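2 protein chains.
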Amino acid sequence: MTGPTSGTRPDEIRRHNRTALLRRLHIDGPSTRASLAAELGLNRSTIKALVDGLAEAGVVAERVPALRSGAGRPSLLVLPQPNAAVVIAIDVRVEHVAMGFVGLGGEILGRDSWNLHRTRDPGEVITHIVESARLMADDLDATAVGVGVSVPGVVRRADGHVHEAPNLHWTGVALGKRLEAVLKLPVQVGNDAELGALAEHVRGAARESSDMVYISADVGVGGGVILSGQPLRGSGGYVGELGHMVVNPAGRRCYCGCDGCWETEVGEPALCRALGLPDDAPRGAVVAALRALDDPSVLDEFAGWLALGLANIVNILGPELVVLGDLYTALPASVVDAVSSAVQVRSLVSRAVGGTQVVTSPLGRDAKLIGAAELAFEPVLDAI
Amino acid sequence: MTGPTSGTRPDEIRRHNRTALLRRLHIDGPSTRASLAAELGLNRSTIKALVDGLAEAGVVAERVPALRSGAGRPSLLVLPQPNAAVVIAIDVRVEHVAMGFVGLGGEILGRDSWNLHRTRDPGEVITHIVESARLMADDLDATAVGVGVSVPGVVRRADGHVHEAPNLHWTGVALGKRLEAVLKLPVQVGNDAELGALAEHVRGAARESSDMVYISADVGVGGGVILSGQPLRGSGGYVGELGHMVVNPAGRRCYCGCDGCWETEVGEPALCRALGLPDDAPRGAVVAALRALDDPSVLDEFAGWLALGLANIVNILGPELVVLGDLYTALPASVVDAVSSAVQVRSLVSRAVGGTQVVTSPLGRDAKLIGAAELAFEPVLDAI
Numbered sequence: 011m012t013g014p015t016s017g018t019r020p021d022e023i024r025r026h027n028r029t030a031l032l033r034r035l036h037i038d039g040p041s042t043r044a045s046l047a048a049e050l051g052l053n054r055s056t057i058k059a060l061v062d063g064l065a066e067a068g069v070v071a072e073r074v075p076a077l078r079s080g081a082g083r084p085s086l087l088v089l090p091q092p093n094a095a096v097v098i099a100i101d102v103r104v105e106h107v108a109m110g111f112v113g114l115g116g117e118i119l120g121r122d123s124w125n126l127h128r129t130r131d132p133g134e135v136i137t138h139i140v141e142s143a144r145l146m147a148d149d150l151d152a153t154a155v156g157v158g159v160s161v162p163g164v165v166r167r168a169d170g171h172v173h174e175a176p177n178l179h180w181t182g183v184a185l186g187k188r189l190e191a192v193l194k195l196p197v198q199v200g201n202d203a204e205l206g207a208l209a210e211h212v213r214g215a216a217r218e219s220s221d222m223v224y225i226s227a228d229v230g231v232g233g234g235v236i237l238s239g240q241p242l243r244g245s246g247g248y249v250g251e252l253g254h255m256v257v258n259p260a261g262r263r264c265y266c267g268c269d270g271c272w273e274t275e276v277g278e279p280a281l282c283r284a285l286g287l288p289d290d291a292p293r294g295a296v297v298a299a300l301r302a303l304d305d306p307s308v309l310d311e312f313a314g315w316l317a318l319g320l321a322n323i324v325n326i327l328g329p330e331l332v333v334l335g336d337l338y339t340a341l342p343a344s345v346v347d348a349v350s351s352a353v354q355v356r357s358l359v360s361r362a363v364g365g366t367q368v369v370t371s372p373l374g375r376d377a378k379l380i381g382a383a384e385l386a387f388e389p390v391l392d393a394i
Numbered sequence: 011m012t013g014p015t016s017g018t019r020p021d022e023i024r025r026h027n028r029t030a031l032l033r034r035l036h037i038d039g040p041s042t043r044a045s046l047a048a049e050l051g052l053n054r055s056t057i058k059a060l061v062d063g064l065a066e067a068g069v070v071a072e073r074v075p076a077l078r079s080g081a082g083r084p085s086l087l088v089l090p091q092p093n094a095a096v097v098i099a100i101d102v103r104v105e106h107v108a109m110g111f112v113g114l115g116g117e118i119l120g121r122d123s124w125n126l127h128r129t130r131d132p133g134e135v136i137t138h139i140v141e142s143a144r145l146m147a148d149d150l151d152a153t154a155v156g157v158g159v160s161v162p163g164v165v166r167r168a169d170g171h172v173h174e175a176p177n178l179h180w181t182g183v184a185l186g187k188r189l190e191a192v193l194k195l196p197v198q199v200g201n202d203a204e205l206g207a208l209a210e211h212v213r214g215a216a217r218e219s220s221d222m223v224y225i226s227a228d229v230g231v232g233g234g235v236i237l238s239g240q241p242l243r244g245s246g247g248y249v250g251e252l253g254h255m256v257v258n259p260a261g262r263r264c265y266c267g268c269d270g271c272w273e274t275e276v277g278e279p280a281l282c283r284a285l286g287l288p289d290d291a292p293r294g295a296v297v298a299a300l301r302a303l304d305d306p307s308v309l310d311e312f313a314g315w316l317a318l319g320l321a322n323i324v325n326i327l328g329p330e331l332v333v334l335g336d337l338y339t340a341l342p343a344s345v346v347d348a349v350s351s352a353v354q355v356r357s358l359v360s361r362a363v364g365g366t367q368v369v370t371s372p373l374g375r376d377a378k379l380i381g382a383a384e385l386a387f388e389p390v391l392d393a394i
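Respectively, the protein sequence lines represent chains R and F.
FYI, the numbering for the first sequence is 11 to 394, going by my numbering.
FYI, the numbering for the second sequence is 11 to 394, going by my numbering.
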């Protein structure tokens, strides 16, 4: 009415509402039209128009809910259709690579993984990823629309440049650009711990928390941070390396050059030593030893270092929740409880924020894969 | 044209532009109309209307610049008028309280301070603040419009509640509400290190940096963090206590209950010990000893702990700049340089972000007072 740009507004609003509705279905799963209307603050005719459009495009399906409550006509259940948007999630770890094709709604439609014992050369890892992606696409008869990659290292999010991934012996790898060139798809690369935090925030233990830290132990130890609902990043978009906080200056030398990094005290090799296993025991043996543990007091020193580092992180960042991921999910509950109590006692800031809770991840080893999928979905949900 | 709310838009835009212009004058000082127009992206007639309005209200004055460049008619210089908006800034420290009346533009118009050796009782501190504010208001013939307070402790910004200020022996002090009740002015309370960071970001060493950490040593050690231009806060708005990061588990017991907090290794008493002074030597003696230091190597161990803690902070937060404030500004330049180099060598993340710089504050002991003033000015600039 007042100029040529005004005419686009209804379209913009419709697109905004459509993305909001898709995001809700993607994250929270099937929902009735009535509850979608209530939660998005839209009237039922708007929801109907949006859902009809998405159903016509095959992005959602509708069905009468199995369980009916009340008398009137039931509100139709809207279900995201996994094949309507499929992304490739890749979790590059120190010992192996895990891949998944993940559909709209978060279902993992297919998986592949392989060990990295023979080589960690970036070129060979990329070649293997591409081959695996082609095979899985054929198997699943799925066409991926985006790629998310988790890497245990210092990553620049803007272009997927891996500055340094010490445990992989990678330095200056243009992983994002190289994968985009061969896969011909948009590729997002993130730090593994940051993606673990994202996964816990979206689909795990931290769904209700906007101030949380995710700590994961694989061979190394990393941390991802969400404060005020936003991922914490430093200068240039780099994510911190919480595992290289020095906690024990009288401790062992870390490969980074410092003595007594947190990672050297609470990483997988340290846990192996506490359990009386060789430093490089296979993961299965470590988990089995933890499950069979008669006397959790052999972990006292390990738990002490874990609590000390967590208390430091809580004192610096003030989260209300710490989620322990990956190998830590195999720790006995009594050890996790002792660590949680110790953090509350040791941290001034924990006391201020009402007692920071320490819990284990319900997503386990899949957290980073799920986080990588969510990273890939972010631009996709706007574009469907 | 399309409804009753549309009519308010020009007013909103005018108010927005007016606040932006005032903020620029407040922070960057006198400026010509021409450069205000260029920097705010507004045309000269809009600037003229805004400046005329502010001049009429006595908030700014205009004069012909002393130095004229080029031939044409000179662009008038616009000067903020300090008395147009005056705030009370209060820096509550462990040993004393400093107060200032600060005018628009940031000039400190008058000061007062007193020692806290006799009592740190919150009620008595508040009484002294109120008396001092009345005397200064009379002296300066100024009417304050807001109050900002810096406190060395765990503070809830929303209502100025001091959860814990250990070195002051304060617990659960409703400082904001109590001061508002007696001063009859809006009161903002902030953590001292957070306000130091704000001051360095607005008027000090970090004007060009949006990812910075400010570390200050008074009796205790605190840190304030700005990432992506925003102050870092944890759950419930609480600011971290960086000084209570444990760096030396084999070290001295801290009053917080932990052994080897960073504060116990690099706070004022630790510096006194390194200098061969009693733990509680007066500040003047500490500064004099630092200035007269023949052999900076007596500070090697102290500098080692300072570097270790800073490297941890850089590894966790990834700032591009660390500003050392308060007592640290008296450290010999060679010690600061050695610490800066050590941080770059020790921190993986520093290497990623291109080398985190460590510098001393140009604001010295005034940083927290200046930060408290800026905290008070934030709501004021919108309301003038």
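If you are wondering where the hints come from, they were derived from the structure by calculation, not from laboratory data.
Just to be clear, a hint being listed does not mean it is correct.
As the list claims (entries may be wrong) - Sample of chain F residues facing chain R (criterion: CB under 10 Å; computed from the structure):
#1 G115
#2 I118
#3 L119
#4 G120
#5 S123
#6 C271
#7 V297
#8 L300
#9 D304
#10 V308
#11 G319
To be verified - Okay, the calculated bits of chain R under chain F, using three or more residues with CB under 8 Å as the criterion:
#12 28 to 36
#13 149 to 159
#14 194 to 200
#15 241 to 253
#16 257 to 269
This one's a predicted model, so the numbers in the text were calculated from it and none came from an experiment.
For glycine and all other residues, C-beta sits at the position ideal for the given N, C-alpha and C.
| query | Can the segment 257 to 269 of chain R be counted as covered by chain F under the rule of three residues or more with Cβ-Cβ separation shorter than 8 Å? | reply | Result for this restraint: holds, n = 7.
| task | Have a go at the F/I118 hint: is there a Cβ in chain R nearer than 10 Å to its own Cβ? | result | Constraint on F/I118 not satisfied, violated at 31 Å.
| Given coverage of the segment 194 to 200 of chain R by chain F, checked by CB-CB distance under 8 Å (3 or more) | Check failed, 0 qualifying residues.
| query | At a Cβ distance under 8 Å, does chain F reach at least three residues of the segment 28 to 36 of chain R? | reply | Per the Cβ count (0), the hint is violated.
| message | Let's test the interface hint: is any C-beta of chain R closer than 10 Å to that of F/L119? | response | Cβ of F/L119 sits 35 Å from chain R, so the hint is violated.
| query | Per the coverage rule (Cβ-Cβ under 8 Å, at least three residues), is the segment 241 to 253 of chain R covered by chain F? | reply | holds (count 10)
| task | Answer holds if the nearest beta-carbon of chain R is closer than 10 Å to that of F/V297; otherwise answer violated. | result | violated (29 Å)
| Hint validity - F/S123 Cβ closer than 10 Å to any chain R Cβ | Where the cut-off is 10 Å and the nearest Cβ of chain R is about 28 Å from F/S123, the hint is violated.
| Interface hint for F/C271, Cβ within 10 Å of any Cβ on chain R | Nearest chain R Cβ about 9 Å off; hint holds.
| request: Against chain R, run the beta carbon of F/G319 and see if the smallest gap drops under 10 Å. | output: F/G319 check passes; min Cβ-Cβ to chain R is 9 Å, inside 10 Å.
| message | Let's test the interface hint: is any C-beta of chain R closer than 10 Å to that of F/L300? | response | At 25 Å from the nearest chain R Cβ, F/L300 fails the 10 Å test, so the hint is violated.
| Going by Cβ atoms only, is F/V308 closer than 10 Å to chain R? | At about 20 Å, which exceeds the 10 Å cut-off, the nearest Cβ of chain R leaves the hint on F/V308 violated.
In summary, the numbered hints that this structure violates are 1, 2, 3, 4, 5, 7, 8, 9, 10, 12, 13 and 14.
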